[in-house]
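**Q** In case you want the letters, here they are:
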Amino acid sequence: QVQLVESGGGLVKPGGSLRLSCAASGFTFSDYYMSWIRQAPGKGLEWVSYMSSSGSTIYYADSVKGRFTISRDNAKNSLYLQMNSLRAEDTAVYYCARGGAWGQGTLVTVSS
Amino acid sequence: DIQMTQSPSSLSASVGDRVTITCQASQDISNYLNWYQQKPGKAPKLLIYDASNLETGVPSRFSGSGSGTDFTFTISSLQPEDIATYYCQQYYNLPWTFGQGTKVEIK
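Protein chains in written order, with the numbering used here: chain X, 131 to 242; chain L, 12 to 118.
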């Protein structure tokens, strides 16, 4: 079955960088678009970024545009999110998603 | 961006009660709507897709209806394990947007 496992979260200072990874299994990764969605502590859900199956089409939420970069390696069945210039408001659990199937999430905390 | 207005923000009901949550889109989204269940500390779980289709393995007490701008999610007979927060989500176009969530508690 579809399995998505995120990693790479942690504590980072404001202005710092972090790279999240999502390892996919149980389906043909290269056939599917993928997304990142986040949830700040105690808050609702916010879509962050989208990448098409080939990687040719990319979208970002305005809140992260210019700071975050989504990428994928179809040979490694992996999705990535490079996060630069991190702010306190980026603190959240970040989920990797293929349509309605989500990973367990990885926590990113931005604090000095 | 399409705004999704979900109500109520919380509700308390007894075991066996019928529970209804509504979600209104700021523009026509056809039937491009998901409903998710999220339990504390867990990832959201897809229950309903395309507004009214039950995801495989999801109990039949959960249902969804609607199209265009107005949608309804129903639990026909609330069970203790249904305690969670429920979210609607439109995927008509990007940015995908979510309702604010409805926290369901047992009375």
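It should be emphasised that the hints constitute simulated quantities derived from the structure, not laboratory data. It is possible that part of the hints are untrue.
Only some residues are given here: those of chain X computed to face chain L with a beta carbon under 8 Å [unchecked claim]:
1) Phe157
2) Ala170
3) Gly174
4) Trp177
5) Tyr180
6) Ile188
7) Tyr189
8) Ala191
9) Gly230
10) Trp232
11) Gly233
12) Gln234
Listed next, the in silico SDA-like pairs over lysine to any residue satisfying Cα-Cα at most 25 Å (straight line) [what the hints assert, rightly or not]:
13) L:Lys53 <-> X:Ser155
14) X:Lys173 <-> X:Ser155
15) L:Lys56 <-> X:Thr239
16) L:Lys50 <-> X:Gly145
17) X:Lys195 <-> L:Tyr102
18) L:Lys50 <-> X:Gln234
19) L:Lys53 <-> X:Arg149
20) X:Lys195 <-> X:Gly185
21) L:Lys56 <-> X:Gly145
22) L:Lys114 <-> L:Gln90
23) L:Lys56 <-> X:Val142
24) L:Lys53 <-> X:Arg228
25) L:Lys53 <-> X:Leu237
26) L:Lys114 <-> X:Gln169
27) L:Lys114 <-> X:Gly174
28) L:Lys56 <-> L:Thr85
29) L:Lys118 <-> L:Asp39
30) X:Lys173 <-> L:Gly27
31) X:Lys173 <-> L:Val115
32) L:Lys50 <-> X:Gly185
33) L:Lys53 <-> L:Thr83
34) L:Lys118 <-> L:Leu105
35) L:Lys53 <-> X:Val142
36) L:Lys53 <-> X:Gln234
37) X:Lys173 <-> X:Gly229
38) L:Lys53 <-> L:Ser37
39) L:Lys53 <-> X:Ser208
40) X:Lys143 <-> X:Thr199
Ideal Cβ positions, reconstructed from N, Cα and C, are used throughout, including at glycine.
**Q** If a hint holds in the structure, say so; if it doesn't, say that too.
**A** Verification of the hints:
1. Phe157: With a closest approach of 14 Å, the phenylalanine 157 (chain X) hint is violated.
2. Ala170: violated, 12 Å
3. Gly174: Hint on glycine 174 (chain X): holds, closest Cβ of chain L at ~5 Å, below 8 Å.
4. Trp177: At about 4 Å, which falls below the 8 Å cut-off, the nearest Cβ of chain L leaves the hint on tryptophan 177 (chain X) intact, so it holds.
5. Tyr180: holds, 6 Å
6. Ile188: violated, 10 Å
7. Tyr189: holds, 5 Å
8. Ala191: Given a least distance of 6 Å, the restraint on alanine 191 (chain X) holds.
9. Gly230: This hint holds: glycine 230 (chain X) lies near chain L, its Cβ roughly 3 Å from the closest one there, short of 8 Å.
10. Trp232: holds, 4 Å
11. Gly233: At about 7 Å, which falls below the 8 Å cut-off, the nearest Cβ of chain L leaves the hint on glycine 233 (chain X) intact, so it holds.
12. Gln234: holds, 5 Å
13. L:Lys53 <-> X:Ser155: holds, 20 Å
14. X:Lys173 <-> X:Ser155: violated, 29 Å
15. L:Lys56 <-> X:Thr239: holds, 24 Å
16. L:Lys50 <-> X:Gly145: Roughly 32 Å separates the two Cα atoms, so the pair is violated.
17. X:Lys195 <-> L:Tyr102: holds, 20 Å
18. L:Lys50 <-> X:Gln234: holds, 12 Å
19. L:Lys53 <-> X:Arg149: Distance of about 22 Å is within 25 Å: holds.
20. X:Lys195 <-> X:Gly185: This hinted pair holds, its Cα atoms lying about 17 Å apart.
21. L:Lys56 <-> X:Gly145: Violated - the C-alpha atoms of glycine 145 (chain X) and lysine 56 (chain L) are around 33 Å apart, more than 25 Å.
22. L:Lys114 <-> L:Gln90: holds, 14 Å
23. L:Lys56 <-> X:Val142: Distance of about 29 Å is beyond 25 Å: violated.
24. L:Lys53 <-> X:Arg228: Given that 25 Å is the threshold and the Cα spacing comes to 17 Å, the pair holds.
25. L:Lys53 <-> X:Leu237: holds, 12 Å
26. L:Lys114 <-> X:Gln169: With Cα atoms ~15 Å apart, lysine 114 (chain L) and glutamine 169 (chain X) stay inside 25 Å; holds.
27. L:Lys114 <-> X:Gly174: Within the cut-off at roughly 11 Å; holds.
28. L:Lys56 <-> L:Thr85: holds, 16 Å
29. L:Lys118 <-> L:Asp39: violated, 35 Å
30. X:Lys173 <-> L:Gly27: violated, 28 Å
31. X:Lys173 <-> L:Val115: Cα-Cα ~15 Å, so holds.
32. L:Lys50 <-> X:Gly185: Outside the cut-off at roughly 32 Å; violated.
33. L:Lys53 <-> L:Thr83: holds, 24 Å
34. L:Lys118 <-> L:Leu105: violated, 38 Å
35. L:Lys53 <-> X:Val142: holds, 23 Å
36. L:Lys53 <-> X:Gln234: Between lysine 53 (chain L) and glutamine 234 (chain X) the Cα gap is close to 7 Å, so the pair holds against 25 Å.
37. X:Lys173 <-> X:Gly229: Holds, at about 21 Å.
38. L:Lys53 <-> L:Ser37: violated, 29 Å
39. L:Lys53 <-> X:Ser208: With a Cα-Cα distance of about 22 Å, the restraint between lysine 53 (chain L) and serine 208 (chain X) holds, given a limit of 25 Å.
40. X:Lys143 <-> X:Thr199: holds, 19 Å
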